[in-house]
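J.: Chain C is fixed; fit chain G onto it per the hints.
Protein chains: 2
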Amino acid sequence: MQITEKDLPRPSRPAPTPRNGVDTPALFATIGVVKQQPELARFRFRATNRWIRGTHSRSRMESFFGAGGEHRHAGDFQYDGDHPAVLCGADQGPTPIEFVLHALASCITAGIANIAAARGVTLTAVESTVEGEIDLRGILGISKEVRNGYQNIRASFRIRGDAPAAKLAEIVEQSRARSAVFDILTGQVPVEIAVDAG
Amino acid sequence: MQITEKDLPRPSRPAPTPRNGVDTPALFATIGVVKQQPELARFRFRATNRWIRGTHSRSRMESFFGAGGEHRHAGDFQYDGDHPAVLCGADQGPTPIEFVLHALASCITAGIANIAAARGVTLTAVESTVEGEIDLRGILGISKEVRNGYQNIRASFRIRGDAPAAKLAEIVEQSRARSAVFDILTGQVPVEIAVDAG
Numbered sequence: 061m062q063i064t065e066k067d068l069p070r071p072s073r074p075a076p077t078p079r080n081g082v083d084t085p086a087l088f089a090t091i092g093v094v095k096q097q098p099e100l101a102r103f104r105f106r107a108t109n110r111w112i113r114g115t116h117s118r119s120r121m122e123s124f125f126g127a128g129g130e131h132r133h134a135g136d137f138q139y140d141g142d143h144p145a146v147l148c149g150a151d152q153g154p155t156p157i158e159f160v161l162h163a164l165a166s167c168i169t170a171g172i173a174n175i176a177a178a179r180g181v182t183l184t185a186v187e188s189t190v191e192g193e194i195d196l197r198g199i200l201g202i203s204k205e206v207r208n209g210y211q212n213i214r215a216s217f218r219i220r221g222d223a224p225a226a227k228l229a230e231i232v233e234q235s236r237a238r239s240a241v242f243d244i245l246t247g248q249v250p251v252e253i254a255v256d257a258g
Numbered sequence: 061m062q063i064t065e066k067d068l069p070r071p072s073r074p075a076p077t078p079r080n081g082v083d084t085p086a087l088f089a090t091i092g093v094v095k096q097q098p099e100l101a102r103f104r105f106r107a108t109n110r111w112i113r114g115t116h117s118r119s120r121m122e123s124f125f126g127a128g129g130e131h132r133h134a135g136d137f138q139y140d141g142d143h144p145a146v147l148c149g150a151d152q153g154p155t156p157i158e159f160v161l162h163a164l165a166s167c168i169t170a171g172i173a174n175i176a177a178a179r180g181v182t183l184t185a186v187e188s189t190v191e192g193e194i195d196l197r198g199i200l201g202i203s204k205e206v207r208n209g210y211q212n213i214r215a216s217f218r219i220r221g222d223a224p225a226a227k228l229a230e231i232v233e234q235s236r237a238r239s240a241v242f243d244i245l246t247g248q249v250p251v252e253i254a255v256d257a258g
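Chains C and G, in that order, are what the protein sequence lines are. Here the first sequence stands for residues 61 to 258, numbered as in my numbering. Here the second sequence stands for residues 61 to 258, numbered as in my numbering.
So here's chain C without its partners, still in its complex pose:
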């Protein structure tokens, strides 16, 4: 959501109105409630995955915990992952690391819409291209000097709306600064893996 304190309504400002498809009053109200009850901010997201064949598997995102309770998604969200033919896969879905690029683009874009709404800016377009460079000698075990993951990621955003370019650019920057996925990629997340092998 990436709203900061200074975006919250103050007596000197007009009341926020819905904009960009964002229910700005509800968003501000949510932030106000979470400020009073910090435990509502604790969320636990989850995905279950099942191997199908070769490098092809399928994940489902059905439910998550947050705001003090369990929630179910409105749709049946299922996603395939696979390796492409050039890597001996069946290309039944994007590669896992392409989903990382989608995660980054959609996270920053969602933040842009929320922040623009909070700042009274009406958007007309937000588009982005995200690219990640990887040297497969890492995961192929050919070189110990090469890391397994992306060596770098570059994202290019194009944003248009009823505000000067500098203000639009600030909205993108604020979204980056508060993006969960940007933090996950540029920071470090402890990952624990448990195995039931029978």
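I should point out that these hints are in silico values taken from the structure, not numbers from a laboratory. Please note: incorrect hints may appear among the correct ones.
Sample of chain G residues at the chain C side, in silico, Cβ under 8 Å [said to hold, decoys possible]:
no.	residue
1	Pro98
2	Asp151
3	Gly180
4	Gln248
Within a straight-line C-alpha distance of at most 20 Å, the following computed DMTMM-like cross-link-like pairs (lysine to aspartate or glutamate) qualify [as the list claims (entries may be wrong)]:
no.	chain 1	residue 1	chain 2	residue 2
5	C	Lys227	C	Glu187
6	G	Lys227	C	Asp256
7	G	Lys204	C	Glu99
8	G	Lys204	G	Glu191
9	C	Lys204	G	Glu233
10	G	Lys95	C	Glu187
11	C	Lys95	G	Glu193
12	C	Lys95	G	Glu205
13	G	Lys95	C	Asp195
14	G	Lys95	C	Glu193
Just some of the chain C residues that point at chain G, by a computed CB distance under 7 Å [what the hints assert, rightly or not]:
no.	residue
15	Phe88
16	Ser119
17	Ser123
18	His162
19	Thr182
20	Val186
21	Arg197
22	Leu200
23	Ile253
24	Ala254
These numbers were taken from a predicted model, which means no experiment stands behind them. We put the CB at the ideal spot given by N, CA and C, even for glycine.
T.: Using the frame of chain C, we list chain G on its own:
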């Protein structure tokens, strides 16, 4: 793919055969070629994203560069991302950070299938649940001490096949050790963002 040197064929071993839906001979041949021509290992994956409304956006993964040239995916891979209703979104897709969980599960699972095939193990089941904990006070700007991204991720794998439990568990561990997404999450990736604001 996550195959290591010790999985490669040696004169003392029988020739690898396809297994688990993995074309093991082609996989070994690919690794052999990349060892001789390291420049073939350089890949650049990409996603394009377009904002739709509110926190809803859609990404496409159409093509990527690798093995010395451009490649197109076999399918039309498009994915929606959104915020859920409890966060004032329209729930038109999973949250961006849920796609990160899918990326981790599908990456390690693809590696498991490849490594098992390389080691002559026939799999019957691989299932996983991946959970990520996040405190939204970070992205809401309510607390400066709370990070924006996941505080931790836990993945539980269940694996079954025609090998002892210890050998199956080793396959999961080897896949983790060579997973691109595991490295992306636990390491740090430089992310550069460019903005065209008109």
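J.: Can you give the numbers of the hints that this structure goes against, from lowest to highest?
T.: Hints 3, 8, 10, 15, 17 and 19 contradicted; others consistent.
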